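Residues per chain, in single letters:
There are 2 protein chains.
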Amino acid sequence: MVSPVYLKIVEDIKRKINSTELKPGDVVSSETALCKEYGASRMTVRKGLAILANEGYIYSIPGKGNFVQKPELNKYTIYYDEMNNAINSVDKARLLEVNIIMPDEKLAGDLHITRNKNVIMIRRLFYTDGAPVAYDIKYLLYQKGMPVVEKEIEHATFPEMLSKRVSYFGLKKELIIYAAIPDEDIKRYLNIYDDLALLVVEQKLYNGENKPVGLGITYFRGDYIKLQGTSQ
Amino acid sequence: MVSPVYLKIVEDIKRKINSTELKPGDVVSSETALCKEYGASRMTVRKGLAILANEGYIYSIPGKGNFVQKPELNKYTIYYDEMNNAINSVDKARLLEVNIIMPDEKLAGDLHITRNKNVIMIRRLFYTDGAPVAYDIKYLLYQKGMPVVEKEIEHATFPEMLSKRVSYFGLKKELIIYAAIPDEDIKRYLNIYDDLALLVVEQKLYNGENKPVGLGITYFRGDYIKLQGTSQ
DNA sequence: CAGTGGTCTAGACCACAGT
DNA sequence: CTGTGGTCTAGACCACTGC
Numbered sequence: 001m002v003s004p005v006y007l008k009i010v011e012d013i014k015r016k017i018n019s020t021e022l023k024p025g026d027v028v029s030s031e032t033a034l035c036k037e038y039g040a041s042r043m044t045v046r047k048g049l050a051i052l053a054n055e056g057y058i059y060s061i062p063g064k065g066n067f068v069q070k071p072e073l074n075k076y077t078i079y080y081d082e083m084n085n086a087i088n089s090v091d092k093a094r095l096l097e098v099n100i101i102m103p104d105e106k107l108a109g110d111l112h113i114t115r116n117k118n119v120i121m122i123r124r125l126f127y128t129d130g131a132p133v134a135y136d137i138k139y140l141l142y143q144k145g146m147p148v149v150e151k152e153i154e155h156a157t158f159p160e161m162l163s164k165r166v167s168y169f170g171l172k173k174e175l176i177i178y179a180a181i182p183d184e185d186i187k188r189y190l191n192i193y194d195d196l197a198l199l200v201v202e203q204k205l206y207n208g209e210n211k212p213v214g215l216g217i218t219y220f221r222g223d224y225i226k227l228q229g230t231s232q
Numbered sequence: 001m002v003s004p005v006y007l008k009i010v011e012d013i014k015r016k017i018n019s020t021e022l023k024p025g026d027v028v029s030s031e032t033a034l035c036k037e038y039g040a041s042r043m044t045v046r047k048g049l050a051i052l053a054n055e056g057y058i059y060s061i062p063g064k065g066n067f068v069q070k071p072e073l074n075k076y077t078i079y080y081d082e083m084n085n086a087i088n089s090v091d092k093a094r095l096l097e098v099n100i101i102m103p104d105e106k107l108a109g110d111l112h113i114t115r116n117k118n119v120i121m122i123r124r125l126f127y128t129d130g131a132p133v134a135y136d137i138k139y140l141l142y143q144k145g146m147p148v149v150e151k152e153i154e155h156a157t158f159p160e161m162l163s164k165r166v167s168y169f170g171l172k173k174e175l176i177i178y179a180a181i182p183d184e185d186i187k188r189y190l191n192i193y194d195d196l197a198l199l200v201v202e203q204k205l206y207n208g209e210n211k212p213v214g215l216g217i218t219y220f221r222g223d224y225i226k227l228q229g230t231s232q
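Chains as they are written, first to last, in UniProt numbering: chain A, 1 to 232; chain B, 1 to 232.
Hints were generated in silico from the structure; no laboratory data involved. Any given hint might turn out to be false.
Any copy will do: because identical chains look the same in the list, a pair fits if it lies in one copy or spans two.
[To be verified] Here are the computed lysine-lysine pairs in the PhoX-like style, where the Cα-Cα straight-line distance is at most 20 Å:
1) LYS14 x LYS173
2) LYS226 x LYS106
3) LYS75 x LYS226
4) LYS75 x LYS172
5) LYS172 x LYS70
6) LYS173 x LYS75
7) LYS172 x LYS14
8) LYS23 x LYS172
9) LYS117 x LYS204
10) LYS172 x LYS16
11) LYS106 x LYS211
12) LYS211 x LYS173
13) LYS173 x LYS70
Predicted model, so just to flag it, every value in this text is computed and none were measured.
Turn these sequences into a full structure, and let the hints steer you where they fit.
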């Protein structure tokens with residue numbers, strides 16, 4: 001049993017799909033037919049089909065059959081870490097400010113809280129080779145008894161900051177990526193004297209009940225960062 | 001059998017992980033133990049564990065057990081379509097040029113070809129509400145007998161352009177996202193008179209053998225596009 | 001050696017599609 | 001009604017781990 005039967009089934013069907021012998025919408029051979037074809041039991045055949053379904057190749061309709069799925073042509077996976085990206089990585093982070101503030105209207109709305117609730121604001125500058133490359137602001141919901149340990153915060157990514165208060169797994173995350181021209185404050189922080197675009201990444205974190213627990217905005221020098229995404 | 005046994009197992013173990021009763025690295029009850037606990041057969045228990053493994057909650061080491069996985073805190077999924085994004089969508093595309101060119105050094109390198117090979121260049125402008133919002137260039141490997149049908153190209157996304165020549169499923173894709181200041185040409189195309197940043201998205205497509213088959217660069221007005229990514 | 005997960009079988013009953 | 005996929009069982013043998 002060098003290679004399991006179910007993998008042989010997976011490879012064969014993948015090959016048929018990639019060679020357009022099977023096209024999106026087509027029916028795959030029924031499970032009983034595949035049992036005979038491979039001399040395998042139904043559970044083995046179903047294991048192969050389950051893998052194909054999981055990888056997005058097929059889907060099943062009970063009572064009808066397994067069908068070839070239309071691939072998601074627009075789907076990409078991106079690994080975002082404010083400290084590391086495709087062309088560079090932060091070697092030093094400087095804490096500018098840690099404070100407890102009252103949110104303005106927009107921030108209160110983003111965090112789904114009223115304006116009289118306290119919010120922790122953390123502002124940092126990221127450096128590469130001694131030069132500032134990104135300006136970073138985080139807003140966290142304030143919780144009593146949750147000490148803010150500056151040493152822990154200085155070099156932490158956003159999910160890391162929250163992982164002690166929220167379950168690792170409950171965390172849901174959202175990114176918004178756009179480009180902008182720096183304002184005077186940011187030009188000063190990032191030593192920008194001529195025209196330079198910023199890549200801005202907003203990061204929202206939600207707990208298991210879909211309540212926002214934090215908002216982060218990172219302003220990267222456009223000549224410093226490239227984000228990379230890949231299919232599968 | 002309102003809800004299958006294997007789903008009950010999945011939910012129970014997920015709850016234990018989310019409540020930190022089980023922490024990353026911990027062993028999950030062995031399969032035989034779970035069989036007794038739920039009065040189920042081993043195949044049923046394994047079906048539940050397979051789902052948890054697929055969703056990234058656990059991993060297994062043969063001969064040792066199933067262990068709680070450390071979640072990927074940096075992973076996001078992004079749906080990128082040059083015609084549609086989080087805040088806007090293209091309602092008109094204008095074909096500026098379709099041509100066969102010889103690549104310069106950089107393009108030849110990107111496409112893994114020599115400089116004497118032909119490349120199809122397609123330049124387009126995207127409009128929203130009558131105003132130009134993005135400038136788009138695609139480079140496709142030239143293939144004999146592959147007609148370039150302008151009507152098909154004008155409103156197609158990049159994967160769509162190639163899907164008639166390459167298997168849907170074989171396609172591998174890569175995105176590079178960065179911010180830049182527009183040059184004079186792009187300012188003219190996009191009616192930019194004052195300071196405005198561009199969000200630039202480069203898209204590379206590869207066939208099943210990992211050979212590049214196309215390169216696309218889209219320059220979006222920074223006030224027009226926001227890309228959105230989400231975890232799970 | 002006993003315990004673990006990985007593969008596999010040959011049945012079973014169910015709900016559902018289509019005729 | 002037959003054929004489909006969805007769930008489930010009670011066994012089996014294997015390779016691997018750790019003692």
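Results of checking the hints against the structure:
1. LYS14 x LYS173: Intra 32 Å, inter 18 Å, cutoff 20 Å: inter-copy only.
2. LYS226 x LYS106: between (28 Å within a copy, 18 Å between copies)
3. LYS75 x LYS226: both (18 Å within a copy, 16 Å between copies)
4. LYS75 x LYS172: both (18 Å within a copy, 11 Å between copies)
5. LYS172 x LYS70: Close across copies (15 Å), not inside one copy (27 Å); limit 20 Å.
6. LYS173 x LYS75: Both ways: LYS173 and LYS75 sit 17 Å apart in one copy and 9 Å across, limit 20 Å.
7. LYS172 x LYS14: between (32 Å within a copy, 15 Å between copies)
8. LYS23 x LYS172: Between copies only: 18 Å across chains, 35 Å inside a chain, cut-off 20 Å.
9. LYS117 x LYS204: Only inside one copy: LYS117 and LYS204 sit 18 Å apart there, 46 Å across copies, limit 20 Å.
10. LYS172 x LYS16: between (37 Å within a copy, 18 Å between copies)
11. LYS106 x LYS211: within (16 Å within a copy, 47 Å between copies)
12. LYS211 x LYS173: within (11 Å within a copy, 33 Å between copies)
13. LYS173 x LYS70: between (27 Å within a copy, 16 Å between copies)
Checked against the numbered hints given earlier, the structure satisfies every one of them.
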